[in-house]
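Participant: What follows is the residue order along each chain.
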Amino acid sequence: MRFHDKVVLVTGGSHGIGAAIVKRFVKEEAKVYFTYLSSRKEAAAIADSVGKPQRVSFLACDVRKKEDVQKTVDQILEKESSLDILVNNAGIIRDGLFLTMPDADWSEVLETNLGGVYSFCKASAKQMMMQGGGRIINISSIVADLGGFGQANYAASKGAINAFTKSLAVELASKKVTVNAVAPGMVNTKMSSAVRSAFGDKIKDRIPLGDFAEPEEIASVVAFVASDEARYITGQIITVDGGLGLLSRR
Amino acid sequence: MQNHNNEIIKNVKSIISQALKVDENKIELHSSLIKDLGAESIDFLDIVFRLEKTFKIKIPKGELFPEKLLTDARYIKDGKITQAGVEELQRRIPGANWVEFSKNPLVANLGDVFTVGMIVDYLSEKLATANK
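Those protein sequence lines, which keep their order, are chains A and B.
All letters in the first sequence, in the order written, are residues 74 to 323 by the working numbering.
All letters in the second sequence, in the order written, are residues 882 to 1013 by the working numbering.
None of these hints come from the bench; they were simulated from the model.
Honestly, I wouldn't trust all of these hints.
[Claimed, not checked] Here are the simulated DMTMM-like cross-link-like pairs (lysine to aspartate or glutamate), alpha carbons at most 20 Å apart as the crow flies: (1) 937/B / 244/A; (2) 934/B / 178/A; (3) 949/B / 244/A; (4) 195/A / 948/B.
Produce the entire structure from the sequences given, and follow the hints as far as they go.
Facilitator: What follows is the structure, encoded as structure tokens:
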């Protein structure tokens, strides 16, 4: 098992891609901590579903609040001697036309998607540096590269994550901490259901591989980037989009 | 006091060895962190974090190593630290050998000031103050 007793923290692990990442790491024998925002019941259901209760814990955390984030990392480090892998997955969408976009929708998306990444990296990087290495994986989106109608806030947050990822990778490389981003395209999750239902199967015509990704397929890539096999990869934005980006650039 | 210092020296050498991945036997009190031991900016942070953890102390930003001073136009001119800059460094880091540095205050020579001995002196004073 690649991750036997590695300590992993996944933000936003109750749903979609986050839940799939939690399950993947538990399956590979890691000790997984994940955060949830509001529903303890949903978090408990994910934890129950992995069938290895001793390997998974969940913590309430609003990633927009720095004190919550620091407390989460401190709680983990009270129990564990290391934090080996951080997956910044927590994210929201508040789609809407830019000209009528409420300021709150802009702020909330930036504070959650980008602010959460910033705060968790800040709270974890010191530990990773002192323990002699670690893996940080930020969940981005193909929208950062392509843009998205009604997604100025979401695209801005993900584009910033990409730039942040590259810069932090340079700063932490000498300490053997790698920082990468995984940028999914269309994934079969609740969060993307609005787009999928609005366009129906037509949107699949724009994807060269002709289908949506399953959350587990994104989790596979995250697991690879977190593994020892990816030791030499840092500062990269790894796109997992079925080729969607290729056609859109034509 | 001598034993206390020996303990500090031993711990400081061990911390620097871990942070910079250099053989502990190659670390001397007069070793320059940058020139002799190859430290980069992030290594200074690493050293501060490890010192805080090992000695159970809080080192305020810029107290052991200067921050932001080198990007302040008031303190740098033509590749040299100005008189005001040297005075500011002296104020912030009184334990370093600023007299020697002042003779040729090139930014490039600043690394010579940050020695293993400077960290030991800083800690000795800090711990002595804390124990009073």
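Participant: Taking the hints in turn, state whether each one holds.
Facilitator: Comparing the hints with the structure gives:
no., hint, result
1, 937/B / 244/A, "26 Å, violated"
2, 934/B / 178/A, "41 Å, violated"
3, 949/B / 244/A, "17 Å, holds"
4, 195/A / 948/B, "18 Å, holds"
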